[in-house]
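Undergrad: Chains as they are written, first to last, in the numbering used here: chain F, 19 to 162; chain D, 3 to 716.
Among the hints, erroneous ones may be present.
DEER-style ranges, computed between Cβ atoms [what the hints assert, rightly or not]:
1) D:A472 x F:S89: 36 to 46 Å
2) D:E471 x F:E71: 13 to 23 Å
3) D:R475 x F:G161: 52 to 62 Å
4) D:A467 x F:S89: 31 to 41 Å
5) D:P614 x F:K110: 46 to 56 Å
6) D:A467 x F:R160: 27 to 37 Å
7) D:G574 x F:G161: 40 to 50 Å
8) D:E471 x F:S89: 35 to 45 Å
It should be emphasised that the hints constitute simulated quantities derived from the structure, not laboratory data.
All of these numbers come straight from a predicted model, not from anything done at the bench.
Virtual Cβ for every residue (Gly too), placed ideally from N, Cα, C.
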Amino acid sequence: MPPSLELSAAALAPIGRMGVGGFPAVRFADVVVVAPQDRLDHANAEAFSAALEPYLADCRAGGVHLVLDLSALRYVSSAGLRCFMLAAKQAKAQGGEVVIAGMQTVVREIFEISRFTLLFRVFPDVGAALDALSPRAAQAYRGR
Amino acid sequence: MSEANTSQHDPDDVALAWSERIGLRGLSIRSGRVMAVAAAAAVLVVSTLDLAQGLRVATFDLWQRVFPRERASAPAVIVAIDEASLAAHGQWPWPRTLMAALVENVAAARPAAIGVDVLFAEPDRLSPEQLAPMVAGGDAALARRLASLPAHDAQLALAVGAAPVVLAVAGMPESDAAPTPGPTTPVLVRGPEPMTVANHGALLRSIAPIDGAARGHGLISAEPSGRVVRRAPLVSRVAGTLMPAFAIELLRVAAGLPAIGLETGNGGVRTVELGDLSIPTDRDAAVWIHFAPRTDQRFVSASDVLAGKVAADVFDRKLVIIGLTAIGLLDFHVIPTGERVPGAEIHAQLLEGIFDQDLLLRPKWSSWAEALALAGLAALAVVGAGRWRPRVSVYAGVGAGVALVLVAAALMRFGGVLVDVAWPLLGGAAAFAVVLMATLAETDRQRRVLRRALNEERIATARNAGEQEAARRVQMGMLPPEDGRAVADPRVAIAALAEPARSVGGDLYDYFMLDDRRLFLMVGDVAGKGLPAALFMSVAKALIKSAALRGTSPLDAIIDEAHGELARDNPGQLFITLFVGILDLDAGSLEWCNAGHEPPLVLNADGTSARPLYGASGPPLCVIESYPYEVNRDALAPSERLCIVTDGVTEAHGTSDELLGRERLARFLATVGPGAAGVRDAIRALLQEHGGERERADDATVLVVEWRGAESPA
Numbered sequence: 019m020p021p022s023l024e025l026s027a028a029a030l031a032p033i034g035r036m037g038v039g040g041f042p043a044v045r046f047a048d049v050v051v052v053a054p055q056d057r058l059d060h061a062n063a064e065a066f067s068a069a070l071e072p073y074l075a076d077c078r079a080g081g082v083h084l085v086l087d088l089s090a091l092r093y094v095s096s097a098g099l100r101c102f103m104l105a106a107k108q109a110k111a112q113g114g115e116v117v118i119a120g121m122q123t124v125v126r127e128i129f130e131i132s133r134f135t136l137l138f139r140v141f142p143d144v145g146a147a148l149d150a151l152s153p154r155a156a157q158a159y160r161g162r
Numbered sequence: 003m004s005e006a007n008t009s010q011h012d013p014d015d016v017a018l019a020w021s022e023r024i025g026l027r028g029l030s031i032r033s034g035r036v037m038a039v040a041a042a043a044a045v046l047v048v049s050t051l052d053l054a055q056g057l058r059v060a061t062f063d064l065w066q067r068v069f070p071r072e073r074a075s076a077p078a079v080i081v082a083i084d085e086a087s088l089a090a091h092g093q094w095p096w097p098r099t100l101m102a103a104l105v106e107n108v109a110a111a112r113p114a115a116i117g118v119d120v121l122f123a124e125p126d127r128l129s130p131e132q133l134a135p136m137v138a139g140g141d142a143a144l145a146r147r148l149a150s151l152p153a154h155d156a157q158l159a160l161a162v163g164a165a166p167v168v169l170a171v172a173g174m175p176e177s178d179a180a181p182t183p184g185p186t187t188p189v190l191v192r193g194p195e196p197m198t199v200a201n202h203g204a205l206l207r208s209i210a211p212i213d214g215a216a217r218g219h220g221l222i223s224a225e226p227s228g229r230v231v232r233r234a235p236l237v238s239r240v241a242g243t244l245m246p247a248f249a250i251e252l253l254r255v256a257a258g259l260p261a262i263g264l265e266t267g268n269g270g271v272r273t274v275e276l277g278d279l280s281i282p283t284d285r286d287a288a289v290w291i292h293f294a295p296r297t298d299q300r301f302v303s304a305s306d307v308l309a310g311k312v313a314a315d316v317f318d319r320k321l322v323i324i325g326l327t328a329i330g331l332l333d334f335h336v337i338p339t340g341e342r343v344p345g346a347e348i349h350a351q352l353l354e355g356i357f358d359q360d361l362l363l364r365p366k367w368s369s370w371a372e373a374l375a376l377a378g379l380a381a382l383a384v385v386g387a388g389r390w391r392p393r394v395s396v397y398a399g400v401g402a403g404v405a406l407v408l409v410a411a412a413l414m415r416f417g418g419v420l421v422d423v424a425w426p427l428l429g430g431a432a433a434f435a436v437v438l439m440a441t442l443a444e445t446d447r448q449r450r451v452l453r454r455a456l457n458e459e460r461i462a463t464a465r466n467a468g469e470q471e472a473a474r475r476v477q478m479g480m481l482p483p484e485d486g487r488a489v490a491d492p493r494v495a496i497a498a499l500a501e502p503a504r505s506v507g508g509d510l511y512d513y514f515m516l517d518d519r520r521l522f523l524m525v526g527d528v529a530g531k532g533l534p535a536a537l538f539m540s541v542a543k544a545l546i547k548s549a550a551l552r553g554t555s556p557l558d559a560i561i562d563e564a565h566g567e568l569a570r571d572n573p574g575q576l577f578i579t580l581f582v583g584i585l586d587l588d589a590g591s592l593e594w595c596n597a598g599h600e601p602p603l604v605l606n607a608d609g610t611s612a613r614p615l616y617g618a619s620g621p622p623l624c625v626i627e628s629y630p631y632e633v634n635r636d637a638l639a640p641s642e643r644l645c646i647v648t649d650g651v652t653e654a655h656g657t658s659d660e661l662l663g664r665e666r667l668a669r670f671l672a673t674v675g676p677g678a679a680g681v682r683d684a685i686r687a688l689l690q691e692h693g694g695e696r697e698r699a700d701d702a703t704v705l706v707v708e709w710r711g712a713e714s715p716a
């Protein structure tokens, strides 16, 4: 059963640590940060989509924002890009937003060539992303 | 799973499901553990019952055979009324005068004490006064003569009274007869009254004149002959009075002590005390005799004693037991080693054991230790269940069992303590058996599950392989020839390369003439693998080609039209990166559009530089609907080459996981000589060198177009 992300008093408290299938996820107030590691290609793209799904379901107007922290991602293939695209499309349809933070050089290059930068707001790091998305989340992030 | 499916059995399933056939299919490790504990508890309960004693003493008998007592000292000698004695002096019972002579002869050799293991319960009928009525008849003189002769019983009483003699008294079951009065050795109890001591209802003594003359009276067992003798009580109760056993009384008389001591505690008797000598006993004042092998050295024939043929020192300061050993006299018992021995020998062996302090005990803690050992073995079984493989469990169980036997053997051998191993082993074995059954049932179940999973995986793999093969055929069949012969024009040279990965992706390339001067080029890459990607790729390729050939122009209109068609029916949410270009073969001018694709490289004529084709570009098709793609314009010089690749080339993974990289590819291509095919071949070689034996993760596609100028050099 996927973890529920209903906003509650408890969820506003400090930080909840989550994560499904080796994709670490951390919650700061009303923002969930998911950090795929190392590589995202056809071998693990489906697992990543599955891991993202519960957070994505809550990524809607009045729900949570989703930050994809790519600082630990060394490579993304077109299958990985497709995961990002599907996430962006679903969030947009629900009135939510997925943003990207902390891309490494290779991943940034792939994003620029494929113009996926058009799909997402991109921030240099998680802190900057949280500043832009939710002051409350940024506060929780810095108060770690 | 549907009803129809569950009722189907494949033959493998049936063959493997032995556990189901013997009704153990539902036996999980967990319930196996519970049942193992129950089995061990049941064995533990049974082991406390009387009927369990047989198995227990059988193991003790085994110890007696494996570790017999070594005969160190020889405190006791048996004067045996054997076959030779009966042959020499006539049938039993002997006249009491002969017994008196025997006692006197032994007494003359200064023994420490003499024990007579014979009961003289009735007057001697060979005594003269007894014979008188029978033999004298009317001869009054003879009758008087006979009556004046000393009575045999009186003569024996004299002999007994003159030496340190202990007479046997026999404990009997309950009897209606009034107890025979007679002297009894005092037993002084230190501690609570010992309720654990065995009780005899009645006592059989020798007739009063003889009995009263003796210095000591020791109990002998009145048990029927033929039973296995393992234990000997050192003190017993007769009609409420404590009395010492024959061997103990012999020791008391030899030591000249007035009484026997008995130290008791809450659990019963602890020790039997003879002056300074303290003999630890079981709670019922009995000890387990540690038997030594039978030896003739213990025996002296009564006929030799009567004939004065025995060396003077044989009885010196010894405990001498006069007893019956002739087979016909039926005083025989079986000892744990399986031998049949006369009753006198059992007394002698007991005395040897007391002297050498080599008796066996079964202390109070032994039953707790046995219960603990049983529980320990069962716990081992329960803990090991499911964690260890069955073979490891068996090793551990057998190992623990052997260790237990060795400990028990060591306790017996070096401590003289009898600890039962049979019941603990039985309890442990029961627990192990149950657990093993459960483990095997579980293993069997898992094996069937695994086998089923393997079959499903094989089917899936086969299906997948078939799909991939089909996908590959679709993909490869749609691509024009790699050597560029589809466009035979002297103004252009074309070379292509399509290296599909094992899991087929959706790379595509195409080239065709729009009219007699415009060459249409396209390279694309569908995100995704397998048949869906290959089909999507073929649809994309067909849509673009048809739009281009229908005469749609300009280039961005072709893209827009194909994009709209593709996006309208895209259930799999796939997308495709695309580079399309139109090369004017007369002018060398190039129009191009880039939808999220690698920027192509333009290699100059002499192979000294590579220039990426940067410009306005958009996302891949189907990522952002109705994205307005822009047309870029460029131009090739004669002999310049346009090199379009997919990310399977730039992102090819090397043997040490590093990517080939765009910069490295550009640097490499800047050194490649003239011609289109040369560039294609160089890239193929580079990919092989970079990737080594590593399986390609993604399709690698290359399209090289050399513009040779409006007028061919040829």
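Undergrad: Decide, hint by hint, whether the structure agrees.
TA: Verification of the hints:
Take A472 (chain D) and S89 (chain F): their Cβ atoms lie about 41 Å apart, and the range 36 to 46 Å holds. Remark: the range hint 13 to 23 Å for E471 (chain D) to E71 (chain F) is contradicted by a beta-carbon distance near 32 Å. Separated by about 59 Å at the C-beta atoms, R475 (chain D) and G161 (chain F) satisfy the suggested range of 52 to 62 Å. Judged by the Cβ atoms, the range 31 to 41 Å given for A467 (chain D) and S89 (chain F) holds: they are separated by roughly 38 Å.
Under the hint 46 to 56 Å, the C-beta atoms of P614 (chain D) and K110 (chain F), about 32 Å apart, miss the expected range. For A467 (chain D) and R160 (chain F), the hinted distance range of 27 to 37 Å is not satisfied, since their beta carbons lie about 53 Å from each other. Taking 40 to 50 Å as the suggested C-beta distance range, the pair G574 (chain D) and G161 (chain F) conforms, at roughly 43 Å. Remark: the range hint 35 to 45 Å for E471 (chain D) to S89 (chain F) is upheld by a beta-carbon distance near 40 Å.
When held up to the earlier numbered hints, the structure conflicts with 2, 5 and 6 and fits the remainder.
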